[in-house]
Each structure stands twice: as structure tokens, then as C-alpha cells.
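There are 2 protein chains.
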Amino acid sequence: MLLRVRAAVAQLAAGLGAGPGGQPPAEPRGAGPGRGSPPPAAFSRPAFLQLTPEELRRADDHTGRAVQSPRDGRRRLPWRTGYAEVINAGKSQHNEDQACCEVVFVEQRPSPRGWLSSREGGGELDGGRKGFYFHYWALFDGHAGSGAAVMASERLHLHICEQLRDLVEILQDPSPPPICLPHDTRAGSADPNQVSSTEDHGEVPNDAVPRFHLEKAVSHESLVIGAIENAFKHMDDQIERERASQHLPGGCCALAAIYLMGKFYVANAGDSRAIIIRNGEIIPMSREFTPETERQRLQFLALLRPELLGKEFTHLEFPRRIQPKELGKKMLYRDQNMNGWAYKKIEEDDLKFPLIFGEGKKARMMATIGVTRGLGDHDLKVFSSNIHIKPFLSCFPEVRVYDLTQYEHCPDDVLVLGTDGLWDVTNDKEVAGVVMEVLMSYEPNDPCRYTMVAQELVVRSRGVLKERGWRLANDKLGSGDDISVFVIPLGGPGNYT
Amino acid sequence: MLLRVRAAVAQLAAGLGAGPGGQPPAEPRGAGPGRGSPPPAAFSRPAFLQLTPEELRRADDHTGRAVQSPRDGRRRLPWRTGYAEVINAGKSQHNEDQACCEVVFVEQRPSPRGWLSSREGGGELDGGRKGFYFHYWALFDGHAGSGAAVMASERLHLHICEQLRDLVEILQDPSPPPICLPHDTRAGSADPNQVSSTEDHGEVPNDAVPRFHLEKAVSHESLVIGAIENAFKHMDDQIERERASQHLPGGCCALAAIYLMGKFYVANAGDSRAIIIRNGEIIPMSREFTPETERQRLQFLALLRPELLGKEFTHLEFPRRIQPKELGKKMLYRDQNMNGWAYKKIEEDDLKFPLIFGEGKKARMMATIGVTRGLGDHDLKVFSSNIHIKPFLSCFPEVRVYDLTQYEHCPDDVLVLGTDGLWDVTNDKEVAGVVMEVLMSYEPNDPCRYTMVAQELVVRSRGVLKERGWRLANDKLGSGDDISVFVIPLGGPGNYT
Numbered sequence: 001m002l003l004r005v006r007a008a009v010a011q012l013a014a015g016l017g018a019g020p021g022g023q024p025p026a027e028p029r030g031a032g033p034g035r036g037s038p039p040p041a042a043f044s045r046p047a048f049l050q051l052t053p054e055e056l057r058r059a060d061d062h063t064g065r066a067v068q069s070p071r072d073g074r075r076r077l078p079w080r081t082g083y084a085e086v087i088n089a090g091k092s093q094h095n096e097d098q099a100c101c102e103v104v105f106v107e108q109r110p111s112p113r114g115w116l117s118s119r120e121g122g123g124e125l126d127g128g129r130k131g132f133y134f135h136y137w138a139l140f141d142g143h144a145g146s147g148a149a150v151m152a153s154e155r156l157h158l159h160i161c162e163q164l165r166d167l168v169e170i171l172q173d174p175s176p177p178p179i180c181l182p183h184d185t186r187a188g189s190a191d192p193n194q195v196s197s198t199e200d201h202g203e204v205p206n207d208a209v210p211r212f213h214l215e216k217a218v219s220h221e222s223l224v225i226g227a228i229e230n231a232f233k234h235m236d237d238q239i240e241r242e243r244a245s246q247h248l249p250g251g252c253c254a255l256a257a258i259y260l261m262g263k264f265y266v267a268n269a270g271d272s273r274a275i276i277i278r279n280g281e282i283i284p285m286s287r288e289f290t291p292e293t294e295r296q297r298l299q300f301l302a303l304l305r306p307e308l309l310g311k312e313f314t315h316l317e318f319p320r321r322i323q324p325k326e327l328g329k330k331m332l333y334r335d336q337n338m339n340g341w342a343y344k345k346i347e348e349d350d351l352k353f354p355l356i357f358g359e360g361k362k363a364r365m366m367a368t369i370g371v372t373r374g375l376g377d378h379d380l381k382v383f384s385s386n387i388h389i390k391p392f393l394s395c396f397p398e399v400r401v402y403d404l405t406q407y408e409h410c411p412d413d414v415l416v417l418g419t420d421g422l423w424d425v426t427n428d429k430e431v432a433g434v435v436m437e438v439l440m441s442y443e444p445n446d447p448c449r450y451t452m453v454a455q456e457l458v459v460r461s462r463g464v465l466k467e468r469g470w471r472l473a474n475d476k477l478g479s480g481d482d483i484s485v486f487v488i489p490l491g492g493p494g495n496y497t
Numbered sequence: 001m002l003l004r005v006r007a008a009v010a011q012l013a014a015g016l017g018a019g020p021g022g023q024p025p026a027e028p029r030g031a032g033p034g035r036g037s038p039p040p041a042a043f044s045r046p047a048f049l050q051l052t053p054e055e056l057r058r059a060d061d062h063t064g065r066a067v068q069s070p071r072d073g074r075r076r077l078p079w080r081t082g083y084a085e086v087i088n089a090g091k092s093q094h095n096e097d098q099a100c101c102e103v104v105f106v107e108q109r110p111s112p113r114g115w116l117s118s119r120e121g122g123g124e125l126d127g128g129r130k131g132f133y134f135h136y137w138a139l140f141d142g143h144a145g146s147g148a149a150v151m152a153s154e155r156l157h158l159h160i161c162e163q164l165r166d167l168v169e170i171l172q173d174p175s176p177p178p179i180c181l182p183h184d185t186r187a188g189s190a191d192p193n194q195v196s197s198t199e200d201h202g203e204v205p206n207d208a209v210p211r212f213h214l215e216k217a218v219s220h221e222s223l224v225i226g227a228i229e230n231a232f233k234h235m236d237d238q239i240e241r242e243r244a245s246q247h248l249p250g251g252c253c254a255l256a257a258i259y260l261m262g263k264f265y266v267a268n269a270g271d272s273r274a275i276i277i278r279n280g281e282i283i284p285m286s287r288e289f290t291p292e293t294e295r296q297r298l299q300f301l302a303l304l305r306p307e308l309l310g311k312e313f314t315h316l317e318f319p320r321r322i323q324p325k326e327l328g329k330k331m332l333y334r335d336q337n338m339n340g341w342a343y344k345k346i347e348e349d350d351l352k353f354p355l356i357f358g359e360g361k362k363a364r365m366m367a368t369i370g371v372t373r374g375l376g377d378h379d380l381k382v383f384s385s386n387i388h389i390k391p392f393l394s395c396f397p398e399v400r401v402y403d404l405t406q407y408e409h410c411p412d413d414v415l416v417l418g419t420d421g422l423w424d425v426t427n428d429k430e431v432a433g434v435v436m437e438v439l440m441s442y443e444p445n446d447p448c449r450y451t452m453v454a455q456e457l458v459v460r461s462r463g464v465l466k467e468r469g470w471r472l473a474n475d476k477l478g479s480g481d482d483i484s485v486f487v488i489p490l491g492g493p494g495n496y497t
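Protein sequences, first through last, are from chains D and L.
Position 105, counted from 1, in the first sequence is what UniProt numbering calls 105; the numbers after and before it change by one each time, with no gaps.
Position 51, counted from 1, in the second sequence is what UniProt numbering calls 51; the numbers after and before it change by one each time, with no gaps.
No false leads were slipped in.
No distinction is drawn between identical chains; accordingly, a pair holds when it is met within one copy or between any pair of copies.
In silico DSS-like pairs for lysine-lysine, Cα to Cα no more than 25 angstroms straight-line: (1) 325 x 216; (2) 352 x 216; (3) 216 x 476.
If you're looking for bench data, these hints aren't it; they were derived computationally from the structure.
Starting from the given sequences, assemble the full structure and let the hints guide the process.
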């Protein structure tokens with residue numbers, strides 16, 4: 001466990017804000033110890049690759065497109081996780097993907113009077129500090145610069161850790177989470193009318209408060225999901241605050257897998273993808289957020305807030321641009337509450353550009369961006385206009401949960417995370433085929449087998465350089481995009497380190 | 001095919017409005033021929049039951065709760081469809097469910113210069129009139145009065161027919177639907193600047209207009225979906241227009257199954273449910289729309305339009321009401337972009353009542369209503385306030401499609417439609433079990449077998465009257481709600497009439 005980030009986050013904590021209702025975010029600070037602080041928005045590759053300057057130059061070469069993986073003899077990723085990446089074929093100066101893999105210790109936040117402070121034991125680790133570990137793998141696919149992806153790869157796990165710090169005791173207590181906690185004195189929020197109330201003295205656990213008849217049960221799992229969701233929001237806020245000083249143009253998609261207390265939480269905001277391959281079966285662990293998949297949310301917002309369209313766009317969807325001479329004809333359209341199509345008479349307002357336009361990889365929102373969730377993009381505007389894109393983007397991930405304890409996993413069961421560079425040219429089934437094929441040719445105990453899978457996935461999506469560019473085995477065009485892949489063995493916990 | 005509604009809709013058409021961009025809706029008219037016009041909001045049962053006055057009285061008896069089905073020797077429903085219903089145990093004066101089953105002829109709208117008018121044949125039926133039939137089954141579960149459900153049961157299929165009339169040629173033409181149609185002269189919308197344009201003379205089919213490079217393909221199926229979606233909207237508009245004159249208080253959930261050109265389109269707005277049971281396998285054909293399932297849509301609207309909350313509600317969700325003395329404590333909450341839960345410090349604004357509150361069948365929006373899609377409810381307000389509920393409700397259905405031609409169906413494969421009275425006490429698996437059990441005890445050719453299934457489903461959900469009320473076989477409480485069920489054989493088309 002060489003990559004552990006322990007109490008590093010304690011120093012960072014004060015700079016992150018305390019969540020809704022808490023203190024306003026303080027000024028940003030640098031990353032905690034244990035990680036180098038790269039110069040603002042400098043090109044870099046994931047720290048765990050430990051590239052030498054020469055290797056870094058090679059990784060940055062668009063013509064060779066050498067596949068990068070953790071080298072033999074250097075640090076190994078937790079659970080023998082496989083990783084591989086390759087730079088794009090020239091579409092941007094550097095590889096705008098980033099990756100992170102960490103084991104993070106979540107230390108309970110010191111509290112002057114914790115609601116559970118009188119309880120015994122439960123999570124006392126490492127010399128008396130209460131807390132737990134989570135494992136973390138994440139891919140960030142940047143656009144319009146690598147700054148946002150670099151910063152997110154260095155900080156998102158710290159934000160997740162920060163969100164979990166208040167939950168250390170609650171998550172380790174098998175009883176249902178308390179609906180309400182006592183006054184938070186750190187937040188300085190005491191109500192002067194309530195100081196004499198008995199349940200405010202902190203020693204009395206939540207159970208002493210009379211329960212209401214109508215009270216919704218909330219699971220531990222949904223607290224972790226909420227923590228991850230809010231961590232993405234805090235990460236996005238941090239990029240917003242620091243974008244000027246740290247030079248963070250652009251944005252990034254974010255896909256993170258968190259292993260915590262027997263469960264995988266896969267959080268996705270963007271168009272990367274995660275799938276589990278278990279006994280040959282494919283289990284989707286994410287879905288993509290694009291102008292097409294989020295059409296109704298975007299149209300709904302545009303309908304309610306037409307001023308966001310700057311008189312340039314219509315919230316209706318049309319199958320193509322309308323020409324002025326078509327006024328009065330009937331054209332197919334879709335409104336926000338429709339999944340089907342119908343004809344409408346073309347009016348003056350319909351001549352504006354449609355909010356959502358194009359299909360598949362070419363679908364764009366406001367003719368500008370092809371992903372609708374992610375981090376950053378605070379300054380993104382429609383070309384040659386003052387229309388902001390950010391109000392339509394969401395930084396919130398969808399989190400899917402996979403309970404590792406519900407199934408006996410074999411060494412060939414894996415979770416694959418990949419940026420769209422992988423999935424643009426390879427579907428789930430093909431990926432599963434490669435995974436099974438490669439794993440079969442290595443011993444179950446071979447520490448390199450998951451790296452070999454990751455490399456093979458990257459090579460097969462990149463293709464081979466021929467006269468007519470990068471070509472796949474079937475002679476179709478390979479992916480010219482940055483490609484990054486994690487292959488995480490599900491038999492990991494307890495088996496490998 | 002005794003229940004056909006043929007050109008009846010022609011007379012109704014002028015009163016329905018011509019869809020987006022068309023004429024504003026004209027004044028309402030009565031229903032077309034072929035159906036009796038009941039007195040406004042009078043209690044009635046579905047016409048196809050052909051109840052005598054004495055039978056009607058019996059159907060309206062809360063103590064006996066006699067199950068009603070089409071009688072032997074009277075009209076049979078298309079495809080030998082089974083139907084059964086029972087009144088509630090006293091929660092409302094009358095049975096507020098309604099049902100409709102029709103075979104509807106969609107006659108092409110006469111056009112002075114149709115875009116396809118020069119083409120031959122294709123759908124010329126019944127003495128030269130161009131058109132096609134669709135089969136239609138629908139359940140309407142009324143609340144706060146039966147008026148909306150009664151009107152919807154009499155008109156929704158006519159609105160669907162009306163929406164399809166412009167599509168008769170397009171749906172019968174195997175080539176992709178045209179993106180754009182020529183000027184619609186009926187709508188009186190000619191642009192004086194465009195009258196000399198060549199493609200405006202109607203004789204030139206759409207293909208003559210140069211196609212754009214970026215043009216989205218739209219399927220025939222999605223045109224039917226769009227037609228059904230807009231028909232629900234027009235139905236809702238009609239209820240709004242006529243609610244004063246026709247005395248239509250309240251609203252209704254609507255679940256409709258349309259069989260058209262080899263496919264079932266199942267449209268659901270509310271908490272009724274449709275499942276297909278095929279070779280013992282259950283295929284869900286709808287999902288329920290409730291404050292819980294639509295939480296994020298409702299919270300999003302409330303966040304963007306806080307004035308709709310009338311200062312009485314907060315868009316945040318809490319697991320229970322907050323007491324004023326809890327100000328400053330931390331409580332679990334969920335915002336519109338979250339699926340998980342997190343703690344926030346309770347502020348003054350959080351003391352307002354949550355927009356969504358309660359769980360399961362007790363979940364309510366604005367403490368008022370437990371369904372979030374349906375028809376009607378235009379006058380519904382939060383109790384003792386001036387806060388309208390309707391802006392949060394959607395009249396748009398979700399439409400799912402099942403292609404009947406993709407599978408060889410046996411006589412035991414059925415589509416079951418049921419109001420929530422059925423599903424509150426019986427799950428999908430139990431329903432599938434009853435279906436298979438009953439069908440097994442009747443010959444495949446027995447014309448009554450689907451009616452027997454419907455009756456058995458209703459009886460098993462209603463239970464038997466004991467000293468402690470209506471009880472199921474397992475002694476749990478039976479459904480005290482109105483219960484209505486259609487059982488539609490999927491081997492229907494071409495096999496039965």
C-alpha cells in the first residue's frame with residue numbers, strides 16, 4: 001500500500017468548505033503532503049506511472065503513440081490493478097486524459113462533543129485514530145486544455161475523503177444512520193433560544209429524540225452516494241475558485257470507482273464508461289451523459305430559463321437546421337416532454353439554432369460541447385457570443401453501487417474503466433472478449449495479467465499506424481483520441497495488495 | 001368488430017385543435033356518434049359492460065363488491081380480451097376507475113394538395129377511404145371525482161385518432177418519414193414572401209428538397225409515440241376547457257395500450273401498471289409516476305420556479321418534518337441533483353414543508369397528491385391555500401413499444417393492464433402466477449379464458465369479506481381501492497376477433 005494518502009487531507013480540509021449549511025469555502029490551499037504539486041496546468045502524467053523525463057517525452061509523442069503502463073519493478077497498483085494509456089493522434093498538444101489510483105485513509109474529524117463519542121471501539125485503527133480506508137481509481141478526460149483534469153486527478157479523492165470524515169462513526173455503526181445530529185458547534189450555529197434544550201448537550205445520542213411516525217429510512221449506502229455527489233460539487237467549486245490563479249481553462253469528464261466496506265461505488269459525470277465483466281457476463285456500471293441522453297433535462301431548463309439561450313437558440317429539437325424559406329411548412333420536432341416526434345408548423349422562432357443538434361459523437365449542445373456532465377468549463381461560452389454553457393452542464397455524477405460480498409468472484413472477474421477513446425471504437429462485448437482472452441493466457445497469480453489486459457485494450461483501440469493512419473485489425477479507423485484504461489480485479493480485497 | 005368507431009372522429013376533429021403551430025382549439029363539441037353522451041360527470045360504467053340499470057346498481061354496491069365482466073352472450077371484446085372490475089370498499093361513493101376498449105378507424109385527413117397525393121394505393125380500405133385501424137384498451141383511475149376519468153375514457157382514443165390522421169400515408173410508406181412537409185394551407189399560414197418558391201406547390205414530394213448533410217433519421221415508431229404523447233396533451237387541454245361546463249373536478253391516471261401495425265404502444269401517465277407475461281417471463285411495459293419516482297423533476301422545477309411553492313414549501317427533501325427547535329442541528333437532506341443523502345445544518349427556510357414527503361403509497365407532493373402524471377386536476381390546490389398543484393403534474397405519458405412480430409406468441413402470452421388497486425396488494429410475479437394457473441385450466445380456444453383470468457386477478461386482490469374487513473388468502477388486508485384489469489392475449493391479431 002505504497003500509495004496511501006493518510007492524514008494528508010487534514011491539512012486540506014480547512015480549504016474545502018463544510019458542505020451545505022456549513023462555512024463558506026475558505027481560500028484554496030495546496031495539496032497535502034505525499035504528492036508533488038505540479039506547476040499550474042503543466043503537462044504531466046499520472047504520478048503512479050513514475051515516468052522519467054525521457055519516458056515523459058516519449059509518452060507525449062503523437063507519432064509513436066507508445067502505450068504507457070506502470071513498469072515492472074516499480075510500484076505496483078493496489079490489487080494488482082492494470083492500467084494503460086496512450087496519447088491522441090494529434091488532436092491536442094498533450095494527452096488530456098488523467099488518472100489517479102490511491103488508497104485513502106479517512107480519519108474521523110475531531111469533534112468537541114461527537115454524538116457517538118461515548119461509544120466503544122468501532123474503527124479504531126492505526127494507533128487510536130478512528131477511521132477507515134477506501135480504495136480509489138479515477139479517470140479524467142479533459143477538453144479545451146488539461147488543467148481541469150490535472151487538478152481533479154490530484155484532488156477529487158481528497159474531496160471524497162473530506163465528505164466522508166463526518167460519517168466515520170455513522171458508517172461503522174450497524175444501526176440506521178441518525179436522521180438528525182445535534183448542534184454543530186464548529187459551525188457556530190447555536191440557536192440562542194435552544195441552548196437549554198436537553199438534547200443539545202451532545203452526550204445524548206440521537207435515539208433519545210422522540211421519533212416521528214413518518215420518518216424515511218436512509219441507508220448507509222445512500223450516505224456514501226451523497227458524500228461522493230457532494231465531493232464532485234466541491235471539486236467543481238474549487239476549480240471555479242482557482243481557475244484564474246492556477247490557469248485552469250477547459251473542463252473534464254470524471255469517472256471514479258470507490259471501494260469502501262465491501263461495495264464498489266462507481267461515479268460517472270461525462271462520457272467515460274465502466275463495466276463489470278463477471279463470469280463472462282457484462283454488467284454496465286455507468287451511462288454516458290451527452291446532449292442526446294440528457295436532452296430532456298437540458299430542454300426543460302431552457303424552457304424554464306429562456307434567457308440562458310441568449311435569443312440565439314430554441315429549446316425545441318429539430319432533425320436538421322431549418323432554412324428561412326421553409327417558414328410555414330411543417331417540420332418534425334421534439335419538445336422537452338416528448339420522446340416521440342411530431343410535425344409542427346415552422347414559425348419565426350424555430351429558425352434559431354436548436355439547443356441540441358447532431359447525432360451520436362457529433363451531437364452538440366449549443367453547437368459547442370458534446371458532454372453534459374463533468375468538472376470545470378466555468379468560462380466556456382458559445383463561439384463568438386456571451387452565452388454561457390455552464391448553467392446547462394451538471395457536475396453531479398450518477399453513482400452506481402456493486403456489492404462485492406454478494407458474489408464469489410474469481411480472478412477473471414474485473415471492473416473496466418475507460419475514457420471515450422476506448423469506447424468510441426470498441427463495444428462492451430469486444431472489451432469483454434479481449435479481457436477473457438488475455439486473462440486466459442496468464443496464470444491467475446501473475447501480477448502483470450491485469451496490466452496486460454489494459455495494454456491490449458489500449459492497443460486494440462488505437463490500432464496500428466499504416467499509410468492511411470491508425471487502423472484497427474478490421475482496417476477501420478482506430479481511435480485518434482487519448483485512451484486510458486483501468487482493469488481492476490474484483491477478487492482484489494484480501495487477495496492481493 | 002362491433003365496437004368500431006369509424007369516421008366518428010371527423011365530426012369531433014374541429015373541436016380538438018390542430019397541434020403545435022396549428023389553429024387554436026375551437027369550442028368543444030359533444031362526442032361523435034356511436035357512443036352515448038352521459039350526463040355530465042354522472043356515474044357510469046364502461047359501455048362495453050352493457051349493464052342493465054339493476055346491474056349498474058349492483059356494481060355500485062360497496063358492501064357486496066361484486067366483480068363485473070362482460071357477460072356471456074353479449075358483445076365480446078376484440079381478441080377475446082378479458083376484463084374485470086370491482087368497486088372500492090367505501091373510500092369514494094362510486095367506482096372512480098373507468099375503462100375503454102375500441103377498434104378505431106383512422107381516416108386520412110382530406111387535403112387539398114397532399115404531399116403524397118400522387119402516389120398509388122397504400123391503405124385504401126373500406127370503399128376507397130384511405131386509412132388504417134388501431135386497437136385500443138385503456139384504464140383511467142380517477143381521484144377527487146369521476147368526471148375526468150369518464151371524459152378521458154370517452155375521448156382519449158379519439159384524440160389519438162386525430163393525431164394519427166395526418167400520418168396515414170406516412171406510416172404506410174416504408175421509406176423514412178419526411179423531415180419537412182410542404183405548406184399547410186388549411187392552417188392559413190402561407191408566408192407571403194414564399195408563395196413563389198417552387199417546392200411550395202405541393203405536387204413535389206419532400207424528396208425533391210435537397211437534404212442536409214446533418215439530418216437525423218426519425219422512425220415511423222417515433223411518430224406514433226409523438227402522436228400518442230400529443231393526444232394525451234390535447235385530452236388534458238380538453239378537460240381544462242370543459243371542466244366548468246361539464247363539471248369535471250379531479251383528475252385521473254391514464255394507461256392505454258394501442259395496437260397498430262404489428263406493435264403495441266403502451267402509454268402510461270400515473271400509477272397504473274402494464275406487464276407482459278410471455279412464456280412465463282415478465283416484461284414490464286410501464287413504470288409508475290409518483291412523487292418518489294419523479295422527485296428530481298419536481299425538485300428541479302421548484303428550484304427554478306420557487307414562486308410555485310408559495311412560500312409554504314421547500315424544494316429540499318428531508319426524511320421527516322423538522323421541528324423549529326431543531327434549527328442549527330444537522331439533518332439528512334436530498335437536493336434535486338442528488339440520489340444519495342447528506343447532512344446539512346438546518347436553517348430557517350428548511351422549516352417549510354418539504355415538496356416531497358412520505359414513503360411508498362403515502363408519498364405526497366405538496367402534502368396533497370400521490371401521483372405526478374395524469375389528466376385533469378386543473379383546479380387542484382394545496383389545502384386551504386392558493387397554491388396550484390397542476391404546474392408540477394405532467395399529462396405526458398411514457399410510451400413503451402413491444403413489437404409483436406419479433407416473437408411467435410402462444411395463447412398463454414398476455415398483456416395485463418391494471419389500476420393501482422390491483423398492484424397495491426399483488427406483485428408482478430403473483431399476477432404472472434395467477435395468469436398461468438387460470439389459463440392452464442381452460443382450453444386455448446375457450447373464448448372466456450381471458451375473462452376468467454381478469455376476474456381471478458380482481459377477486460384475489462379484493463379478497464373475501466370477513467369480520468375484519470376484506471382479507472386475502474394469506475389473511476392480509478385486501479385492496480379497498482377500485483380495481484380494474486384488462487387481460488389481452490398477444491396471440492390476438494389474426495387469431496381472434
